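Protein chains: 2
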Amino acid sequence: MKLTPRQQEIIRLVKEGQPITSESLARTLGVTRAALRPDLAILTMTGILEARPKVGYIYSQKPSHSMVYDYIIHIKVKDVMSSPVVVNEETTVYDAIVHLFLNDVGTLFVENKGTLVGAVSRKDFLKIAIGGTDIHKVPVGVIMTRMPNIVFVEKEDSGYLSAQRIIEHEVDSLPVVERVFEDEKEVLKIVGKISKTNITKLFVNMGKNK
Amino acid sequence: MKLTPRQQEIIRLVKEGQPITSESLARTLGVTRAALRPDLAILTMTGILEARPKVGYIYSQKPSHSMVYDYIIHIKVKDVMSSPVVVNEETTVYDAIVHLFLNDVGTLFVENKGTLVGAVSRKDFLKIAIGGTDIHKVPVGVIMTRMPNIVFVEKEDSGYLSAQRIIEHEVDSLPVVERVFEDEKEVLKIVGKISKTNITKLFVNMGKNK
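Sequences listed follow chains G and Z, in order. Just so you know, we're using my numbering here: the first sequence kicks off at 271 and counts up by one. Just so you know, we're using my numbering here: the second sequence kicks off at 271 and counts up by one.
No lab work stands behind these hints, which were simulated from the structure alone. Since this is a predicted model, take the numbers as computed values, not measurements. It is possible that part of the hints are untrue.
For chains that are exact copies, the list does not tell them apart, and a pair is met inside one copy or across any two.
Unchecked claim - Here are the simulated EDC-like pairs of lysine to aspartate or glutamate, each with C-alpha atoms no more than 16 angstroms apart in a straight line: (1) K324 - E293; (2) K383 - E359; (3) K383 - E440; (4) K407 - D374; (5) K397 - E279; (6) K348 - E359; (7) K459 - E448.
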């Protein structure tokens, strides 16, 4: 966003003398309050300045912050998720690792009759691979993280919520699930995944097509 | 950012009849052009509308996009990077993996006399671990990606550039280096690292302290 020289001057004056009233700003700049109104409106709406009733304008520590927040909060999981790579509980650890490499992903999700039951990460695989276990015999069901210990999101959640959960729970990726009722019981069907890679791509796309 | 009812009405009118002149907007809304000026200024500066000279206003496909771009482009590597975990070329693959787990990182960087010479990822380790090689004997120097094939950034680069390079080169993390002259030769000292985790954390922080 390009600020006009007058807007930049207003910011400078507010930084120096905050809190400062619009009367005082108008006097210093030698213009009427009415003439300043559009500039002050822009500077407050974009979050650069904050208007405190009966006090005056102060400089916000987070310029354009609220707009960035507004922008990212509206991006949905379904718009940034990618396809999940899924195996069965009986798949051997070795075969699962082959799947991991063939699909070039960091996490596999484990299904049982179409329902999400577990997840295994590259880190889990590496741990078992150096541990002396026969990875050709052990099934992933034995080493996976099992439900309900898997953090997930749904398609209509925000990409922002996904990023929060990824960081908070220290995982690389989350399954995207759909809640389905089967035999009067709620089960989770896996419909996608969202990872640090998706968030990083989203971040890159935010700066494109300027 | 909170738009006023009139600003929302203007956006609706532009979407319907674009391109549309300010005269036409003023007429439809029953106000003077002067009265609309602050609203139109806000809507164009924030990138929601675009003003085309002699044509009129059009609705931008990317509301508040340029502001988001402006915001993220100013975040520097040095403000988001974390500490690198470093080993020597002679470290065995097994010891290196132990380092990886102890520090809970996804990539190790390899130094020789303080100079960056290579990088090894969790993926590289997993590949060698299932390959039947004796990981207690092979040194990381044998399996690492070697300079000059390592993409890096510097402290004053933007976090945005880092995200672009991570996605473009399909890596999880980049070393942050400082160029130093030794014996009339430029060498790279590793001073940090920036990963998909750092970018995801940055993304989460963008939405905090609203």
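Now for the hints, and whether the structure bears them out:
1. K324 - E293: Intra 12 angstroms, inter 36 angstroms, cutoff 16 angstroms: intra-copy only.
2. K383 - E359: The answer is within: 10 angstroms in one copy meets 16 angstroms, while 47 angstroms across copies does not.
3. K383 - E440: The answer is neither: 28 angstroms in one copy and 33 angstroms across copies each exceed 16 angstroms.
4. K407 - D374: neither (23 angstroms within a copy, 28 angstroms between copies)
5. K397 - E279: Classified as neither; 58 angstroms inside a copy, 58 angstroms across copies.
6. K348 - E359: neither (27 angstroms within a copy, 43 angstroms between copies)
7. K459 - E448: Result: close within a single copy only, 5 angstroms intra versus 48 angstroms inter.
In this structure, the earlier hints numbered 3, 4, 5 and 6 are contradicted, and the remaining ones agree with it.
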